[in-house]
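Using the sequences and the accompanying hints, generate a full structural model.
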Amino acid sequence: MEQKHYEVATLKEYGYKDYHILQTIFKIFGRILVAFIVMMLYFSIFIIFLQSINSSKSVTHFEHFTLKWYLEMFDNRQMRLAIQHTLIISASATLISTVLGTIIAVGINSLEKKKRQRILLLNNIPLLNADIVTGISLMLVFSCLLPIFPYLFGWKTLLIAHMFFTLPYVILSVLPKLREIDPNLLDAALDLGVKPRRALFKVIVPAVKAGIFSGALLAFTMSFDDFVVSYYTTGNGFDNLSIWIYGSIGRNSLTPAVYSFNTMITIITVLFLLTVHGFQTRRMKKNGKM
Amino acid sequence: MNDSYKKLAKPYEIWLYILALFPSLIMLVLVFLDTEGINFTDASFTFGNFSQLTESSTIIAFGNSLKFALLSTVLSAILGYFVAYRLFRSKFKNKFLILTILILPMWSNILLRIEALGNVMQPNNIITDLLSKIGIHVAIDIKGSSLAVLIGLVFTYLPFMILPIYTALEKIEPSLEEASLDLGATQLKTFWKVIFPLSTKGIVTGSIMVFLPCLSGFAIPEILGSGNIVLIGNVIDQFFRNMNYNIGALLALFIMILILGAIFLVQKVDKEGETLL
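Taken in sequence, the protein lines are chains A and B. Mapping of the first sequence onto the working numbering: residues 4 to 293, in sequence order. Mapping of the second sequence onto the working numbering: residues 85 to 361, in sequence order.
Watch out, some of these pointers could steer you wrong.
Using 27 Å as the maximum straight-line C-alpha spacing, the simulated DSSO-like pairs for lysine-lysine come out as follows [as the list claims (entries may be wrong)]:
no.: 1; chain 1: A; residue 1: K180; chain 2: A; residue 2: K289
no.: 2; chain 1: A; residue 1: K116; chain 2: B; residue 2: K91
no.: 3; chain 1: B; residue 1: K91; chain 2: A; residue 2: K205
no.: 4; chain 1: B; residue 1: K94; chain 2: A; residue 2: K118
no.: 5; chain 1: A; residue 1: K116; chain 2: B; residue 2: K285
no.: 6; chain 1: A; residue 1: K289; chain 2: A; residue 2: K205
no.: 7; chain 1: A; residue 1: K60; chain 2: B; residue 2: K217
no.: 8; chain 1: B; residue 1: K217; chain 2: A; residue 2: K71
no.: 9; chain 1: A; residue 1: K30; chain 2: B; residue 2: K273
no.: 10; chain 1: A; residue 1: K180; chain 2: A; residue 2: K116
no.: 11; chain 1: A; residue 1: K116; chain 2: B; residue 2: K352
no.: 12; chain 1: B; residue 1: K179; chain 2: A; residue 2: K212
no.: 13; chain 1: A; residue 1: K30; chain 2: B; residue 2: K255
no.: 14; chain 1: A; residue 1: K180; chain 2: A; residue 2: K288
no.: 15; chain 1: A; residue 1: K180; chain 2: B; residue 2: K91
no.: 16; chain 1: A; residue 1: K289; chain 2: A; residue 2: K212
no.: 17; chain 1: B; residue 1: K217; chain 2: A; residue 2: K180
no.: 18; chain 1: A; residue 1: K198; chain 2: B; residue 2: K90
no.: 19; chain 1: A; residue 1: K180; chain 2: A; residue 2: K159
no.: 20; chain 1: B; residue 1: K94; chain 2: A; residue 2: K117
Derived from the structure by calculation, the hints contain no laboratory data.
Structure (structure tokens):
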């Protein structure tokens, strides 16, 4: 028997408007725009990279390819010190804030609703306040302490300042994970005779590991890159990299070595994140989740 | 949760009172005094500092700040929503990679990035030099203009807009959208009536995260504006550098009041600080 071919009804005949072409255009346009925006986000990093492989010190013309700035990265004493200070301060601030922030988050989570909201409101201040106001505020507090501790300004104030603005990030990353924990888990541990302090490290901390990790990552990112708060709270020659760069831009004496340092940091970060990601997907595959 | 954990939050509360609230009190006192730096020994009571608020330089700087902050917030909200929505719609569901792509630029020093951007905004730069070697001659000269500052602000703070919007979009129940489509709404209508209203939380958070640093920043306008564009942050910085803490404190308090308003707005939309990160 001969098969009859019926015409397929279009969307229009069903009473719908056909947006197919419009949607495709929108999709292509969207892809281009997203690509453009991501490119713009990375544009300055690309320029920094170009400047780091330029044999000329000038930022206006490209002489020829060189890696000499990578070898001379730590030759500039001021810059070397600034890098050291940045690493020491951000690593210790991250470490302290991560440990304390986790403990504090557990404390906040166990408070009553009213009290919790009040403390979270205060916790938002370092996060949302203008950097310049935070910097000045901390400087004023430290200045008030000067008569008691005359040599306060320096690494101590810088560390306190960095802890001040990194703690909220850790707390806000850990809190949502804490809320997801099954309360029975803790009760079971306590019923079985574990002391609350031990339960904190044996039950709660392992359960919120992901939050702690992302909090630490955020804290380090913020601390490593901070300029304004550090600018107001440091003292007598204890510059971090940002302060040193700001000074050098002002004096027009930026050495290309700093571009190579920055490029190297970016490359290390990418490698680090890819490794972490690789491990995660491998573990997930092993667990059969993917 | 166990009651014995409650006391763990107490020291932090005190820490916040000392470092976050106490300085505002100091500033409030400084506003009414005429002191040499923070030295209170020969301080005298005065209302004179307030005349600075009506000074034309302050008003211009403040107007500039508001203008740039609003413009960059609106621009990055539009661009950010678009990117977040495309990411949300794409099959690319690997949140880790998306976060990485957006956060990675922040690992480069912000001042270096701005400086590099500033270099390229000059007519003679490394890009034009490379292009001229292969025979293309272009020149842009926008360094020192408002456009340069605006570009710098938008592309520095855009990730802060994309992330909360993306988080808000991710949290929307997919069945809501299916229901809307099943019930005969077009895709556009579904977007406006279902998706968009549910993602406003992210837009509000993102807008505040962009608006506040744009309002008070002083490094970006200083570098990209080549000193032509003065924002309120630059004025405050000047006063504190010249040891005039009284007027500096007044302007800082002024900004702080604006920010407190924003914080209360965040609290209203988002009581437990969920979308902030």
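Against the structure, the hints come out as follows:
Of the pairs offered as hints, the one joining A/K180 and A/K289 holds, with about 24 Å between alpha carbons and a cut-off of 27 Å not exceeded. In summary, the hint linking A/K116 to B/K91 is supported, as the alpha carbons are separated by about 15 Å, within the 27 Å threshold. Using a Cα cut-off of 27 Å, the hinted pair B/K91 and A/K205 holds, with the two alpha carbons roughly 19 Å apart. Of the pairs offered as hints, the one joining B/K94 and A/K118 holds, with about 11 Å between alpha carbons and a cut-off of 27 Å not exceeded.
Between A/K116 and B/K285, the direct Cα distance comes to roughly 21 Å. Compliance with the 27 Å bound is thereby established for this hinted pair. Distance restraint check for A/K289 and A/K205: the Cα-Cα separation of roughly 25 Å lies within the 27 Å cut-off, and the hinted pair is therefore satisfied. Taken as a hint, the A/K60 and B/K217 pair is honoured in the structure, with Cα atoms around 19 Å apart against an allowance of 27 Å. Our distance criterion of 27 Å between C-alpha atoms is met by B/K217 and A/K71, whose separation comes to about 23 Å.
At roughly 17 Å between alpha-carbon atoms, A/K30 and B/K273 fall within 27 Å of each other, so this suggested pair holds. A distance of roughly 17 Å separates the Cα atoms of A/K180 and A/K116; the hinted pair therefore holds under the 27 Å criterion. Between A/K116 and B/K352, the direct Cα distance comes to roughly 15 Å. Compliance with the 27 Å bound is thereby established for this hinted pair. A distance of roughly 18 Å separates the Cα atoms of B/K179 and A/K212; the hinted pair therefore holds under the 27 Å criterion.
For the proposed pair A/K30 and B/K255, the alpha carbon gap of about 23 Å is at most 27 Å, so the pair holds. A distance of roughly 23 Å separates the Cα atoms of A/K180 and A/K288; the hinted pair therefore holds under the 27 Å criterion. Between the alpha carbons of A/K180 and B/K91 the distance comes to roughly 20 Å, so the proposed pair stays at or under 27 Å and holds. At most 27 Å may separate the alpha-carbon atoms for a hinted pair to count; A/K289 and A/K212 meet this at roughly 19 Å.
Of the pairs offered as hints, the one joining B/K217 and A/K180 is violated, with about 55 Å between alpha carbons and a cut-off of 27 Å exceeded. Between A/K198 and B/K90 the CA atoms are separated by roughly 15 Å; this keeps the pair inside 27 Å, and the hint holds. For the hint pairing A/K180 with A/K159, the CA-to-CA distance comes to about 32 Å; that exceeds 27 Å, so the pair is violated. Between B/K94 and A/K117 the alpha-carbon distance is near 14 Å, which keeps this suggested pair within the 27 Å criterion.
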